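Enquirer: Here are the chains, one letter per residue:
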Amino acid sequence: MLAATPRAAAAVPVVLALVSASALAVFFVLVGRVLDAIAAGDALRTPVVSGLIILPLVAVACTLLSSRFSARATSGAERRLRGLVLGHVFGLGVTRRPAAASGRLVSAATTDVEKAAAYRAGFVGPIAGTMAGPVLVIIVIGFTVDVVSALWLAIAIPVIPLVVGGFQRAFRKVSGSYRRSTAMLSGAFLEAVQGLSTLVLHRAEERTGRDLAARGEDNRRQVMRLLAANQLLILVVDAAFSLGTLALAATLAIVRLLDGTLSPGAAVALVLLSTLLTGPADIVGQFFYIGATGRAAERGLSGVLAERPALPTGRTESRERPTSGGVSIELDHVTAGYGDGAPVLRDLSLSIAAGEHVALVGPSGVGKSTVAALLSRHLLPESGAVRVGHLDTRAASGESVRSLIAVVDQQTTLFTGSIADNLRVAKADATTEELHAAVTSAGLAADVERMPLGLDTPVGERGLSLSGGQAQRIAIARALLRDAPVVILDEPTSQVDLASEAAIVDALRTLSRNRTVVTIAHRTSAIRDVDRIIELGAHS
Amino acid sequence: MSAPAPRRRDLALWLLRHTRDLLTPLLLAIVLRIVGQLVGVALLVVAVTGVIRSATESGTDVLGGVVLPTVGSLVGLALVKALLRYLEQYSGHYVAFSALASLRRLFFSRLAPQAPAATDGAASGDLSTRATRDIDRVEVFFAHTLPPAASAVVVPLTAIAWTAVAVDPVLALVMLPVPALVVAVIPFLSGRRTWRATEERARANGRISQHVADSVAGVREIVAFDHAKDRLAGLDRLGADAARAADRVGIVAGVRSALVQVVQLGGVVAVLLVGTTRAGDGVIGWPEVATAIAVLLGIAGPARAVDGFVADLDASFASAARLFEVLEREPVVSDAGPASIVVSAADRPHDVDAVRFTDVSFGYPGSLEPAVSGVTWSIPRGTHAAIVGVSGSGKSTLTSLLARVWDPQSGSVELDGIDLRGIPLGEVRSRVAIVSQRPFVFGRSVRENLVLGAPDATKEEIAAALHVATLEDVVASLPQGLDTPLRERGARLSGGQLQRLALARALITDPDVLVLDESTGALDPVTEHSVRQRLAAWAGGHRTIVEVTHRVDQVLGTDRVLVLDRGAVVEEGAPADLADAAGPFAALLARV
Ligand SMILES: Nc1ncnc2c1ncn2[C@@H]1O[C@H](COP(=O)(O)OP(=O)(O)OP(=O)(O)O)[C@@H](O)[C@H]1O
Ligand SMILES: Nc1ncnc2c1ncn2[C@@H]1O[C@H](COP(=O)(O)OP(=O)(O)OP(=O)(O)O)[C@@H](O)[C@H]1O
Ligand SMILES: [Mg+2]
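The listed protein sequences derive, respectively, from chains A and B. With full-length UniProt numbering, letter number 472 in the first sequence gets 472, and the count goes up by one each step, no holes. With full-length UniProt numbering, letter number 192 in the second sequence gets 192, and the count goes up by one each step, no holes.
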């Protein structure tokens, strides 16, 4: 994960902070000189005046550059991390997702990524700079004001990062549990919002509201705990710094003034310079939000990225595909299931020839969709073999197998966006003509024509702004666009009226003349005209 | 549909209105901050004064008279300041996080009445981002705005007034423009442009969440269609939009904070130059100049805080505006409230139809054609009625009107002879249960999903509902029975099992009217047959069933049927009669 944040992200702000700190330090030394000049009644010399003007500008330029740099680095890191997380999620597969995964993953890909990036790219560098700045200030003091004072201050400064580091480790647990509670909260919100219609129609919204409020309250308690601890850090550091820098510098200034080492101006300059040493104390407060939560977010992201896919990756096979005639399919003594409980399919063997059209029927829950999942390599058999064309799904990668297959799933998901966006999922570079042709074959042309925006009509999340049958026909059109040698249709017309169904079946027949087609259905109307009907679970 | 975009002052008042009881801790935070920062200024002044006195008061007892008191007060002040800062931060955050928790409660309680109409198909990822991240951003408004703003004004003014009295009025006058510029001018340069960019960034973040939520929900499709690369590219484009907007905000913020620094250091130079001249005139000496510079450095932090929070405050307001948009949206249907008449089941007149549509027309917002137009139809109590028609003809829309998801634009829908608009919403929804065409199943246990509408259901009631939906064997075969978690969207179950779960979930609420929207589409004929038989027994002649289906063959067993086409009634009557009538129904039937 650290690969997503280049070293420069930390190095550049440190360098800029060092330049800025030394410019300011010299500036204050000059202020002391001017004070001495006033005391002595001398006139101001030109080099001093030009130093007073140029040095602040240098410091300001550094600040500006540094903030630009860390802003760039932060948004860059955010984009990289987000891509990494989502890409990883795609790689994880579909069958064994744990409960509330999407809430957790969404929160990882948004909140956690944001916090981790802010921490790694926008915070670590600047804070390292702020911590390193005092070192240069002390060196400047040593060279221009007083070596002894510089040594004394040099002893006090390193103590502080140690204190801070110790505190951070002590509160690691608190910030971790805060992060988890935040992730749970946003997961719960996401599901409640997605299922809000169902909740409301079942009059469960008040109960859910109370539950969310309780979680929110729990979250608030966690924050306050994190805060109480973190602010304690502020208290300690604030006091330590005021004492270790300002009070120490003032004491040194007075003592060295009295023994005649320092001029009054230099003594005042020493006090003023000590304000440059308190920088770290001022940003320690940010440890709460950016530091502690950022590190917790990083750990959360590492957790997500460490999850291994449910299936081995497999080899990428050549994607050369038969141009016509489809490919054969074979299940060879397959036993398969979802890991918990008894296997769904036991010792199932079936073979479908290239170009054959078969129907897969059987009672609800017998494992028809499981066969589809095996063919799409969302699932691997526990024993036996599944072969699609020349590919054995245990050996070949998911992409290789799926490049041979177009599928209409039983519960198909449409994405927020327009009808055209959803069709282009199957074929990114499809022309408008191709889209219209697919829509026509799926029996959706008349519906689309009636919509004011045509193909640009938004489908709503999960396609909920369309009728059930319309959503299903978009999924069919999408599969038709895919142009693959094997077509798997899982209850493709369960939501479609008979007239549309007949039209779709016709269209499929024409389009599938040279393909292998597996249709899962119960209705005879949907499976007329197949070469063969395979019945699952008939004997049991 | 959304309220007009509010101005910031209105937003601030709106936020404060919803969190009125937090005013006391907020005031406390303000006072603590002011005092704490004054102590901070004093710290620097005391240190410099100590140096000045040891340089000027030679001869006296320097150690006892100057050094020890100086060091002693420095230690004391440092401890007090640290303590005040702790208390200030704690009370400020207490305010902030209590406010956030109550905003979250408010968010859900305002959103719920807008459902299902405004939330079905709405971007849930974006909505829940508003509920979580946007509300989080509002934290800045509560915790980091008022206290710093107050002290940025009070602390510099107090310190400069002290300088005028105790040090030198002219130097004080020279110092005055510094906090004035830093607090009142620079932070507000180019506000409008950054404000717009900030809003854009908040919107972009919402879109990102939506994209991610959609991607996670659709992993199966994305993987199946080899679409991952395009999907990631889409995400990166959204990220680039957000980054661009953030960049525009960042540039302005960076320039502003540079200006602040320039003004503050320029102030030091100005004091030095003016001080030199005045010392040349013999009016003041170096100690006055040194003290003035100490004050100037002391107030730099408190004054700079304004510029620090302005950028975050913009983000905070942009988020508040996104919340406002959702929270102040009027629900599509207004609840008649509990005050209106509720007729208990026993008192309901027997001769009145269970459901009656009278000349009902309705179109979805934004579409040109009505989804349902001029529908008049009634369903007597205890019957099994069917709505048929081609896909997209308005069948589901009609059922939504029956559950009062929407109100018809004209005409009326009556339940037992009473217009739905006169019945409390909760009552409507307890009497009408819809098994929706695309049921949503929560990733909780089977039991939790089942008793969603009847949390107090007994074991027997659960068993009875499972029986009617022919789910008992399925549940028995699950590894933990009723307590098996279903995974998101019910991924643990097959399509037909999900449909039956949605059916059982409706049955358990014991409704008067059960609406089935294509609820047996994924069932095999054998299972479907037993579900139908058990449903008929369950209805027992006193519950009404309204079934939406495109399978005309199933309709022959029902009592009456309505044929819809493009939202209008084309035929209506007993199925046996219609089958012989050579009308649209007979035509549909002939196709089977
Ligand atoms: N992800 C999963 N994890 C665990 N069990 C599962 C999962 N998906 C399905 N099952 C179980 O496997 C069995 C077969 O499911 P499958 O979806 O293959 O049935 P189906 O024949 O397609 O049924 P239907 O006709 O109802 O769609 C069911 O009992 C189901 O509960
Ligand atoms: N939320 C919505 N916003 C806008 N238009 C909608 C919405 N829901 C449905 N529509 C449109 O209203 C029309 C009627 O839809 P409805 O869902 O009532 O059809 P249906 O008869 O149930 O069809 P199906 O058999 O396919 O489920 C369709 O053209 C559909 O596109
Ligand atoms: Mg419908």
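None of these hints come from the bench; they were simulated from the model. Please note: incorrect hints may appear among the correct ones.
When the alpha-carbon atoms are kept at most 20 Å apart in a straight line, the in silico DMTMM-like pairs for lysine to aspartate or glutamate are as follows [claimed, not checked]:
1) B:229 to A:259
2) B:229 to A:421
3) B:229 to A:506
4) A:427 to B:230
5) B:459 to B:510
6) A:427 to B:226
7) B:459 to B:473
8) B:229 to B:247
9) A:427 to A:456
10) B:229 to B:241
11) A:427 to A:399
12) B:229 to A:399
13) B:459 to B:427
14) B:459 to B:472
15) A:427 to A:483
Have a look at the derived ranges for each label pair, beta carbon to beta carbon [said to hold, decoys possible]:
16) A:310 to B:590: 28 to 34 Å
17) A:385 to B:230: 55 to 61 Å
18) B:75 to A:260: 32 to 38 Å
19) B:75 to A:302: 42 to 48 Å
Stretch by stretch, here's where chain B covers chain A in the computed footprint (C-beta under 8 Å, at least three residues) [unchecked claim]:
20) 208–222
21) 511–517
The structure displayed is predicted, hence computed values, not measured ones. Here a beta-carbon is modelled for each residue, glycine too, at the ideal position from N, C-alpha and C.
Enquirer: All hints, please: hold or fail.
Expert: Status of each hint after checking the structure:
Annotation: proposed proximity of residue 229 of chain B to residue 259 of chain A is violated, straight-line Cα distance about 73 Å (limit 20 Å). For the hint linking residue 229 of chain B to residue 421 of chain A, the alpha-carbon distance of about 15 Å falls within 20 Å, and the restraint holds. Pair hint residue 229 of chain B plus residue 506 of chain A does not hold up; C-alpha atoms about 33 Å apart against a cutoff of 20 Å. With a C-alpha separation of about 10 Å, the suggested pair residue 427 of chain A and residue 230 of chain B falls inside the 20 Å cut-off, and the hint holds.
Restraint check: the Cα-Cα separation between residue 459 of chain B and residue 510 of chain B comes to about 15 Å, which is no more than 20 Å; the hinted pair holds. Proposed proximity of residue 427 of chain A and residue 226 of chain B is supported: the alpha carbons are some 9 Å apart, at most 20 Å. For the given pair, residue 459 of chain B sits about 16 Å from residue 473 of chain B by alpha-carbon distance, which is consistent with the 20 Å threshold. Our distance criterion of 20 Å between C-alpha atoms is broken by residue 229 of chain B and residue 247 of chain B, whose separation comes to about 26 Å.
Our distance criterion of 20 Å between C-alpha atoms is met by residue 427 of chain A and residue 456 of chain A, whose separation comes to about 16 Å. Between residue 229 of chain B and residue 241 of chain B the CA atoms are separated by roughly 18 Å; this keeps the pair inside 20 Å, and the hint holds. The suggested pairing of residue 427 of chain A with residue 399 of chain A holds, with an alpha-carbon distance near 15 Å, which does not exceed 20 Å. Taking the CA atoms of residue 229 of chain B and residue 399 of chain A, the gap is about 12 Å. The hint holds against a cut of 20 Å.
Taking the CA atoms of residue 459 of chain B and residue 427 of chain B, the gap is about 24 Å. The hint is violated against a cut of 20 Å. At roughly 13 Å between alpha-carbon atoms, residue 459 of chain B and residue 472 of chain B fall within 20 Å of each other, so this suggested pair holds. For the proposed pair residue 427 of chain A and residue 483 of chain A, the alpha carbon gap of about 9 Å is at most 20 Å, so the pair holds. In this structure the supplied range 28 to 34 Å is violated for residue 310 of chain A paired with residue 590 of chain B, their Cβ-Cβ distance being about 49 Å.
Between residue 385 of chain A and residue 230 of chain B the Cβ separation comes to about 32 Å, which falls outside the hinted range of 55 to 61 Å. Between residue 75 of chain B and residue 260 of chain A the Cβ separation comes to about 26 Å, which falls outside the hinted range of 32 to 38 Å. Residue 75 of chain B and residue 302 of chain A have their C-beta atoms about 44 Å apart, which keeps the hinted 42 to 48 Å range intact. Counting residues of the region 208–222 of chain A whose C-beta sits closer than 8 Å to any C-beta of chain B gives 8, which meets the bar of three, so the coverage hint holds.
Given as covered by chain B, the region 511–517 of chain A fails the check, having 0 residues with a CB less than 8 Å from a CB of that chain where 3 are the minimum.
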